[in-house]
Amino acid sequence: MKTAVMKYESMHPNVHIQLQATPSYGKDLDEAAAYREKFLTTTNTAILADKGPDLVELDILPLEAYADRHLLVDLQDMISGDASFRSQDYFTNILDNARMNNGLWGIPLYFYLDGLLGNAEVIGKTGISINDSEWTWDDFIDTAEQLQQKGEYKTALISEPSILLSEMVADNFTQLVKEESGERKFDSDSFVDLMHQVKAMIDDGLLFDMVADGGGRGSAITLSTKAYFNAWPIDSFESYLMNGFADQTKLYTKPHPHELGAGGYYSTKGTIGINASSTHKREGGLSLNFSWTTKRSR
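Be aware that the sequence shown starts at -7, since it is given in my numbering, and climbs by one per residue.
Calculated directly from the structure, the hints in this document are not laboratory data. By construction, the Cβ of each residue, glycine as well, lies at the ideal position given by its N, Cα and C atoms. Do not rely on the hints blindly, as some may be mistaken.
[Stated by the list, open to error] Quick list of in silico lysine to aspartate or glutamate cross-link-like pairs, EDC-like style, CA-CA up to 20 Å: (1) 273 - 66; (2) 273 - 131; (3) 261 - 81; (4) 43 - 29; (5) 246 - 137; (6) 170 - 159; (7) 273 - 126; (8) 43 - 275; (9) 246 - 131; (10) 261 - 46; (11) 177 - 196; (12) 191 - 134; (13) 117 - 137.
[What the hints assert, rightly or not] Label-pair distances were calculated between CB atoms; the ranges are: (14) 80 - 269: 25 to 35 Å; (15) 57 - 144: 42 to 52 Å; (16) 175 - 3: 29 to 39 Å; (17) 74 - 36: 20 to 30 Å; (18) 155 - 196: 38 to 48 Å; (19) 144 - 179: 33 to 43 Å.
Let the sequences and hints guide you as you build the complete structure.
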């Protein structure tokens, strides 16, 4: 982001961008959490008071709530009315899926495919066929048990239980949360079932907890652990190469409920919105367009 700001300012000498960043890490988890909480509280208070920055990263902020209260600019109107926004410079399907509440309130600067990295060679030796286009987590567990029995690895998946559970909850959100008469009701029994699924994977040795057992995502123990699948996100080509995934690796679609249909997943990062109270909306839109096209061209 700093590089994009410097480049934009060099191309527009009359524009000065003041970049305010909050540390995303600290000397320990408590300090990192404190930084995060400070960012949330300070930014949320400012935006609700019609103050705050012209452009704001919305990844951990309540974007939908801001949109409901018209605290953000609808970027679709800006894109439609500005000839400098060229649709061919954008991944339009990413923008389409970023829309909510009949508007486009933020544009993600990054996205990456989200699935399970599998060792295709080792899996192939077991003779077990995998139809990942429509498998559920129940199907995955059945497959993992077969791989454990027939293959050379005893661990099926490297992940973190809390993250795995959160992904399963997100996939099953429409089944877990029902809206009736304007009120949302949570199906606690179904949630408990998901928790039991994750616990069973740990108890049966199918899941390697990269934090509790390995000491962290990038630790030597985690990186050296042999498993059929790894839930490591590939958010850059460098990450793919540096973490040893380039050899005999296949990206498998993440297990998901049948009702979601076939297809894969992606995740977005760096979603930027324009503060509705900003007095520099047009300039913010131009710099946002520049940031997007700069990231896309890399």
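> Where does the structure disagree with the numbered hints, that is, which hint numbers, in rising order?
Replying inline: 2, 7, 11, 16 and 18
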